[in-house]
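J.: Given two chains presented individually in distinct reference frames, assemble the corresponding complex, making use of the accompanying hints.
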Amino acid sequence: MSKILEASRAGALAAPARRPFRLAAFMERESVFSWLMLTPPLLFLLAFLGYPFIYGVYLSFFHKEVARAASFVGFDNFVRLYNDPIFWQAVRNTIIFTGVATVLKASGGLGMALVMNQSFKMKSFARAMLLLPFIVPTVLSTVAWQWILDPGMGLFNRLLMVSGLAERGPSWLGTPTMAMISIIMVNTWRGLPFFGISILAGLQTIPVDLHESATIDGAGTWGRFRYVTLPSLLPVILIVTTFSIVITFFDFQLVYVLTGGGPANSTHLMATYAYSLSMGAGQMGLGSAVALSMVPVLGLLLVALTFFVRKD
Amino acid sequence: MAQPQSKATRRDFLKLAAAGAAGAAAGPWVSRNAQAKPVSIAFARESSYVKNFDVHFQNVMAPAYEKATGIKIEYQIQAAGGSAVPQLVSMVENKNGADLAWTQQEWLYRDALVDVSDIAEEVGKQQGGWYDEIKRLSIDKGKWKTVPQANIGQVMNYRRDWFDEVGVKQFPETWDAFLEAGIKLKAKGHPFGMSMGHGFADNYSWLYPLLWSYGVTVMDKDGRKVALDSSETAKAVEYVKKLYKEACIEDCIGWLDPANNKAFLTGQISCTNNAYSIMVSAKRDLPEMGKVIDHGLNPKGPTGQRYHALVPVTHGVFAYSKDPQAAKDFLRWTMDPKQFRPWIASGDMYFAPYLHGFDKAPEWDIEPRVKPFQKVLETGKLTSWPAPANRQHGEVVNRWIVIDMFTKAITGTPTKTAIAEAVSQIKTIYG
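Keeping their order, the protein sequence lines are chains A and B. With the first letter of the first sequence counted as 1, position 89 gets the number 97 in our numbering; the numbers rise by one all the way through. With the first letter of the second sequence counted as 1, position 265 gets the number 646 in our numbering; the numbers rise by one all the way through.
Okay, chain B solo, but in the shape it has when bound (with noise of 0.2 Å):
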């Protein structure tokens, strides 16, 4: 929480006053009184795979803003992998914790975060607009409530060695194709690796896109009639039946989000969609397999689309901090290009921006297999898409609705009646 500083004494004033000083020299950023600003902000956001891009954090930009401006930055790193959420909602409902945060699944609580308009509306326009799709989840009845940050891409990961091993040296641009690899490989021991899961990302990140690219969509787009009730759902799922059966490796209908990872670095599969976290480890711990590893794009559907599912870091500010500006103020110190820039590129692009203004950036041709994350921009999608991103369509991918839909098939629930509850417990939902 934003500490106030009270009872100032001389000595403190003349601290204050230098810190002020500073703090006008170092920027716009520090709009405040010097006297009324807090000792300090705290600022909670899930570990990053990439151990610099949290390094950097804690050792060149919250020293910077405290030589700044006299405010300590209380970094809380949060554990990954969809934990985050509930210390999140512990945080609103109990009105205590960090003054902002990582907003991970930000339309459970956008009534607790304060309006950021100006600082989003500013940053847009410094650095090339933003992409329209983040728009839909940072917005909020016409205001920001949140400033995004960056896309965590999600892509397939695949054992490139072992792609050319069976003769397919370019990976596969339609889904079909993909099966097709996938049953050459698992005769050869290497199957895929697709998590269906109750987990929080690798799940959604293909099994959505693919749907998407069937010319399905889970709601309309105003998020009043649900859409799933197609018969193009039904040969999505009977395509994702025949890639498990034919393809994939038993275990993966139960896998959460670190088994993959697990998996791939094991060498028990030759692919599985993921963040490039498994690559970050190969390259660390097995030099090895991390030459071999590369990125494919999601395969083209039935329709000739292609779609990924975006992975949204947004920053908030939380209404109940003792100083809610000041919050502000230090929110917009770091998307400045002057710290946001060289904080994302420490991250080695694991974190997107969702900014144009970064699509010409050198950073993306340091490592050519991290490429296919910036195309994940152009053709990535929420998961509410094309409904609006609200409380509903987060019940409906917290309670794995359209995932299960998927895995009862595959265990043995027939397609119609697996889809038939899926869109009936949609409905519950949206009422």
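Just chain A, with the same shape it has in the complex (with noise of 0.2 Å):
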């Protein structure tokens, strides 16, 4: 009897007989193919994104000037950033520029995202069209800016002067003040359909019944857009407003074909800057320490971001 135990044991304890491996179920198994499917992107990151990260990182602890050996020179690139003025009001001008530009484009483009939702006669073109900001590109719009611009034959001072507004119209880019207030605009001209289409998509996910409930229980407009379809939203602009502080943060292009940072640094930006001063005065390690302190910085942004949501 115990002769037959041990043998049954010994049965079910030998290896199961192996099948035949088939390289088809391989790759249909889950974790297998779950790993396919990410190994290519993962590889273009790590080539386009992680390499120049990883090597930015490494240049900000030497003393690296073009054309010349790099020497690691620890912390010094930062304690020379932290003791200069420009580096200072490049954060405070990217902290202003960021903050502003995302709270009148989330405004902006849920407004924008309302009217779309509603019904009227062209529509799908009016949509269309208001996308056109973010597709064409950058430099193309910050050009035909500058035009819109100019103080003397630009469209806004022509409109001010023959409205009869303004006797004459402001400088645009002449100024401290104003160079921040245009390039805030712009920003936000091409920033707005972003949010406004990420927020109509969200506003057409939200179920009718939750409207009609509300209505039935007394809500007016207000109270519908308040307790149904505010708090329905804010996943998706809690999602758009972390990805436009991301993009807006590290704007370059719009900032250095319209005012390259002038007049006075006012509206350089942590970009800008660390630009002008890896490829212009050729301090690579100096401008890779301005191009890594973005980073806490926006890191910063983000948990308090996060934070104020998850609190709201």
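Hints in this document: simulated from the structure, not taken from any laboratory. Glycine included, C-beta positions come from ideal geometry on N, C-alpha and C. Among the clues, some could well be false.
[What the hints assert, rightly or not] Now the in silico label distances, taken between C-beta atoms and shown as ranges:
| # | chain 1 | residue 1 | chain 2 | residue 2 | range |
| --- | --- | --- | --- | --- | --- |
| 1 | B | Asn771 | A | Ala174 | 47 to 57 Å |
| 2 | A | Phe41 | B | Ser428 | 49 to 59 Å |
| 3 | B | Leu667 | A | Asn125 | 29 to 39 Å |
| 4 | B | Lys797 | A | Asn125 | 53 to 63 Å |
| 5 | B | Glu502 | A | Pro48 | 54 to 64 Å |
| 6 | B | Gly793 | A | Asn125 | 39 to 49 Å |
| 7 | B | Asp666 | A | Arg166 | 16 to 26 Å |
| 8 | B | Arg605 | A | Ser79 | 40 to 50 Å |
| 9 | B | Leu646 | A | Leu218 | 52 to 62 Å |
| 10 | A | Thr213 | B | Leu667 | 18 to 28 Å |
| 11 | B | Gly812 | A | Gly107 | 55 to 65 Å |
T.: And the structure:
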């Protein structure tokens, strides 16, 4: 009896007979298939984002001038930046630029989405047209803005003068305050459709039943917006705002083309300052340190945003 | 990149031998063994405002060199206006790109350039000698790292008709007279437009000469001590504040390089500091305006001296090139008077050679309004002057520290503070 039991145990413990290896079946396994799908984009990201980022981190700890060997300096570049007033001005400018532009884009985008969610003639055409600022290459649209903001020949000042609202329009890029307002305005114009279309997609996923229930419960238009629409949209708004903060924080082309960071560094952002240090002044290490400094500042902004939204 | 020939077949050898014979017949430029020479050389240059200058190179010079040597010249035209520097920096850092180039801001990457003293000294001897100031740029530690090609002159571009209207028949000789004229012209609706933004030439081409004419330099001669901290600097800053407020268009403190061309050509300003690209555009597109544009030299300052800022065009050969000698041979060939003089003439003297052999060139007399640009060579200084044109100086220029000293004062920072901030930043850069 015991022999029979042992034999049956041995049989049970013995490895099951191996099925022949089939590549198709192996690849169909979820754990294998998901990695197969993930590998190409991961390699792409590593090559085009990971490598430059790691190289940037490496450079920021070195004194590296163009065409010369790098020498390790530890935190020297960061200490130099800490004592550099232009760097702090660029940090301030970047935070103001990102903060104001994001708030304008988020509120404007929400408004745009609410309007676009209504039924009206040529709705599809209007939606397509609203995407234009986002589609046109930034450098191209910024050059057009240069003309629009021209003090004498520009569209804005012409309109102001022709309509009799002003005898002479403002100097849009000629004073520090106006230059900052102008770059925020152009950034908002460009980024608004991203918010608008994303929030519109979110709006269309809100079940009609919720609105109907709220109406039966006595909620008016504002009540439905405050207690149904907005809470339902919050996850979408959070994601879009996060993306927008990242994109706006690293904005370079717009400022480079429109003001070059002037006048008197009043529109210098961290991205343009990093560029002018690295590619203009040839200080690759110092420029990389500026670029790397953007990461914690941006991280703080994103954490603050997440905290704020969750609290809400 | 120079592409070396490999695995030559018998037919290739015959072709090379024929090309080599043609090269030998063409002159001493091709000093190399025909079999080892590359099939092409890449030459990067900033796009010229005078289109004919690029056209002459592409249609006449490049084919002539190819015919004589069998080497194809790939002419890589880069964007104009300071955008070329990042491209050059990228080439140097990646050790990949053109074999030789217009070496804008060469102090950034001199170490990556080969010695071209043999060419520069030969050209100097042959063509009347080099202007002294350019030697301070091209010679590094006793060796020529670049061969100067020419200067892009920057002077005052003005509307003669509007100056006449307010009774200013001659372009002002002093900065004070310049201000007076500006006040009159602004009152008539024709303000000056003096660039002070984060551009690459039109800002420092008048602000640095203005400082110098007040007896101020940024650094001392050795480049060791900051010389900007002086009472004369304060006077110069006060002058610019007044000039901006009473004579200039408000926008000009934020202008990048194309802005003053645009403002001038659209009739918004009566005077600016620029190369003669404005006249080139006006003659081509706005003939009526083209007739009334004129050029004046930078005014004299309280010291009685007049200065201009040089905007040098120099050519250098990259050490990373697969065949630097082939690139040098080509560079030598371009500087030979047989090629160089027609090339310069094709640009209508927009590019003024730093060679005394051109002092009496008949091309200077074709358009009298171009003549002031010749004077720039006599009174022109590098922006580093009198200090060496090195990396630190480049950092000061590319971070617009001196330019922003003026604009900060204009936008409300007390003059003393603006100067102190600039001095502190320059001290940090020079260490």
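J.: Hint by hint, say whether it matches the structure.
T.: To see whether the hints hold, each was checked on the structure:
In this structure the supplied range 47 to 57 Å holds for Asn771/B paired with Ala174/A, their Cβ-Cβ distance being about 49 Å. For Phe41/A and Ser428/B, the Cβ-Cβ distance of about 51 Å falls inside the hinted range of 49 to 59 Å, so the restraint holds. Separated by about 50 Å at the C-beta atoms, Leu667/B and Asn125/A break the suggested range of 29 to 39 Å. Distance hint check: the CB atoms of Lys797/B and Asn125/A are about 58 Å apart, consistent with the given range 53 to 63 Å.
As the Cβ distance of Glu502/B to Pro48/A is approximately 56 Å, the hint placing it in 54 to 64 Å holds. Look at Gly793/B against Asn125/A: about 46 Å separates their beta carbons, and that is inside 39 to 49 Å. For the pair Asp666/B and Arg166/A, the beta carbons lie near 21 Å from each other, so the given range of 16 to 26 Å is met. One distance hint, 40 to 50 Å for the beta-carbon pair Arg605/B and Ser79/A, is violated here, with the actual separation near 22 Å.
At roughly 60 Å, the beta carbons of Leu646/B and Leu218/A sit within the given window of 52 to 62 Å. Distance hint check for Thr213/A and Leu667/B: the Cβ-Cβ separation is about 57 Å, which falls outside the suggested range of 18 to 28 Å. Look at Gly812/B against Gly107/A: about 36 Å separates their beta carbons, and that is not inside 55 to 65 Å.
Hints 3, 8, 10 and 11, counting from the list given before, are not met by this structure.
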